[in-house]
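As they're listed, the protein sequences go chains A and B.
Quick note on the working numbering: the first sequence kicks off at 1 and runs consecutively.
Quick note on the working numbering: the second sequence kicks off at 1001 and runs consecutively.
Hints in this document: simulated from the structure, not taken from any laboratory.
Please note that a few of the clues may not be correct.
As the list claims (entries may be wrong) - Simulated pairs of lysine-lysine, DSSO-like, Cα-Cα distance not exceeding 27 Å: (1) Lys52(A) - Lys77(A); (2) Lys56(A) - Lys108(A); (3) Lys108(A) - Lys52(A); (4) Lys49(A) - Lys1044(B); (5) Lys108(A) - Lys77(A); (6) Lys108(A) - Lys1044(B); (7) Lys1051(B) - Lys1071(B); (8) Lys1062(B) - Lys60(A); (9) Lys1044(B) - Lys52(A); (10) Lys108(A) - Lys60(A); (11) Lys1071(B) - Lys1044(B); (12) Lys56(A) - Lys68(A); (13) Lys1062(B) - Lys1027(B); (14) Lys1027(B) - Lys49(A); (15) Lys1044(B) - Lys68(A); (16) Lys1051(B) - Lys56(A); (17) Lys68(A) - Lys49(A); (18) Lys1044(B) - Lys1062(B); (19) Lys49(A) - Lys60(A); (20) Lys49(A) - Lys77(A); (21) Lys52(A) - Lys68(A).
Claimed, not checked - Covered by chain B, according to a simulated footprint, are these stretches of chain A (three or more residues, beta-carbon under 8 Å): (22) 35-48; (23) 99-106.
To be verified - Ranges of calculated distance between the beta carbons of each label pair, as one might list FRET restraints: (24) Pro40(A) - Asn1007(B): 15 to 21 Å; (25) Arg1014(B) - Pro40(A): 40 to 46 Å; (26) Glu1041(B) - Asp54(A): 39 to 45 Å; (27) Glu1063(B) - Ser83(A): 19 to 25 Å; (28) Gly1016(B) - Pro40(A): 37 to 43 Å; (29) Arg1064(B) - Glu63(A): 38 to 44 Å; (30) Ser1058(B) - Ser14(A): 39 to 45 Å; (31) Lys60(A) - Asn1053(B): 45 to 51 Å; (32) Ala53(A) - Pro1070(B): 36 to 42 Å; (33) Arg1078(B) - Ser83(A): 47 to 53 Å; (34) Gln81(A) - Met1005(B): 26 to 32 Å; (35) Ser79(A) - Gln1081(B): 46 to 52 Å; (36) Glu1068(B) - Glu42(A): 22 to 28 Å.
Everything numeric in this text was worked out from a predicted model, so none of it was measured.
Think of the CB as a built atom: it goes at the ideal place given N, C-alpha and C, for glycine as much as any other residue.
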Amino acid sequence: GDSVTQMEGPVTLSEEAFLTINCTYTATGYPSLFWYVQYPGEGLQLLLKATKADDKGSNKGFEATYRKETTSFHLEKGSVQVSDSAVYFCAGEGGGNKLTFGTGTQLKVEL
Amino acid sequence: NAGVMQNPRHLVRRRGQEARLRCSPMKGHSHVYWYRQLPEEGLKFMVYLQKENIIDESGMPKERFSAEFPKEGPSILRIQQVVRGDSAAYFCASSPRDREETQYFGPGTRLLVL
């Protein structure tokens, strides 16, 4: 079945540092890919998505590009803020409206 | 437009009791999904429903768990005879009537079984 593998955390960065959280997927086809963010005690919020190869999703300074050749969808941000501290989940939807999630990567940004 | 609503936000049950979790999808959404998040883990798909129909329940445990989405009212996830291993956060998501891949999540219900 489909699976999503993402970088283990926690990741601790200083404010204004560059962020990369790796995500790769395994699927029979080419699923739509998503990044969700979960702040403490809250539900998941959609951060960005891409539905086909070479699509770039972007939102709030975060970006991710759907790379078919490497089956990857790495999340990047050029300059993180303390308010970006959260858990980030990569997910794929390969059909059947069923999302497959990675295990999540906790990000902590310090001053 | 209100988001996906879930209640209660926190639920405490003793072993053997029943837990009922409610989810009201976003206005105009007729597809509902339930996911479970165990401590320190990602979300796992449980069930996908449309109004009065279960479309995919491949992630539901075979016993004690059931879900419904009636014509009127919220979707209900019901867990009978809860055990400690059922302690988790249960998230509901919804998507619009047309085939739409973006799912919008509710705040979750955190179930604690004593």
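Tested hints:
no., hint, in the structure
1, Lys52(A) - Lys77(A), "holds, 21 Å"
2, Lys56(A) - Lys108(A), "holds, 25 Å"
3, Lys108(A) - Lys52(A), "violated, 30 Å"
4, Lys49(A) - Lys1044(B), "holds, 19 Å"
5, Lys108(A) - Lys77(A), "holds, 14 Å"
6, Lys108(A) - Lys1044(B), "holds, 24 Å"
7, Lys1051(B) - Lys1071(B), "holds, 6 Å"
8, Lys1062(B) - Lys60(A), "violated, 41 Å"
9, Lys1044(B) - Lys52(A), "holds, 24 Å"
10, Lys108(A) - Lys60(A), "holds, 17 Å"
11, Lys1071(B) - Lys1044(B), "holds, 26 Å"
12, Lys56(A) - Lys68(A), "holds, 12 Å"
13, Lys1062(B) - Lys1027(B), "violated, 31 Å"
14, Lys1027(B) - Lys49(A), "holds, 22 Å"
15, Lys1044(B) - Lys68(A), "holds, 24 Å"
16, Lys1051(B) - Lys56(A), "violated, 34 Å"
17, Lys68(A) - Lys49(A), "holds, 14 Å"
18, Lys1044(B) - Lys1062(B), "holds, 15 Å"
19, Lys49(A) - Lys60(A), "holds, 13 Å"
20, Lys49(A) - Lys77(A), "holds, 15 Å"
21, Lys52(A) - Lys68(A), "holds, 8 Å"
22, 35-48, "holds (count 6)"
23, 99-106, "holds (count 6)"
24, Pro40(A) - Asn1007(B): 15 to 21 Å, "holds, 20 Å"
25, Arg1014(B) - Pro40(A): 40 to 46 Å, "violated, 27 Å"
26, Glu1041(B) - Asp54(A): 39 to 45 Å, "violated, 31 Å"
27, Glu1063(B) - Ser83(A): 19 to 25 Å, "violated, 43 Å"
28, Gly1016(B) - Pro40(A): 37 to 43 Å, "violated, 31 Å"
29, Arg1064(B) - Glu63(A): 38 to 44 Å, "holds, 43 Å"
30, Ser1058(B) - Ser14(A): 39 to 45 Å, "holds, 43 Å"
31, Lys60(A) - Asn1053(B): 45 to 51 Å, "violated, 36 Å"
32, Ala53(A) - Pro1070(B): 36 to 42 Å, "holds, 40 Å"
33, Arg1078(B) - Ser83(A): 47 to 53 Å, "violated, 38 Å"
34, Gln81(A) - Met1005(B): 26 to 32 Å, "holds, 29 Å"
35, Ser79(A) - Gln1081(B): 46 to 52 Å, "holds, 51 Å"
36, Glu1068(B) - Glu42(A): 22 to 28 Å, "holds, 26 Å"
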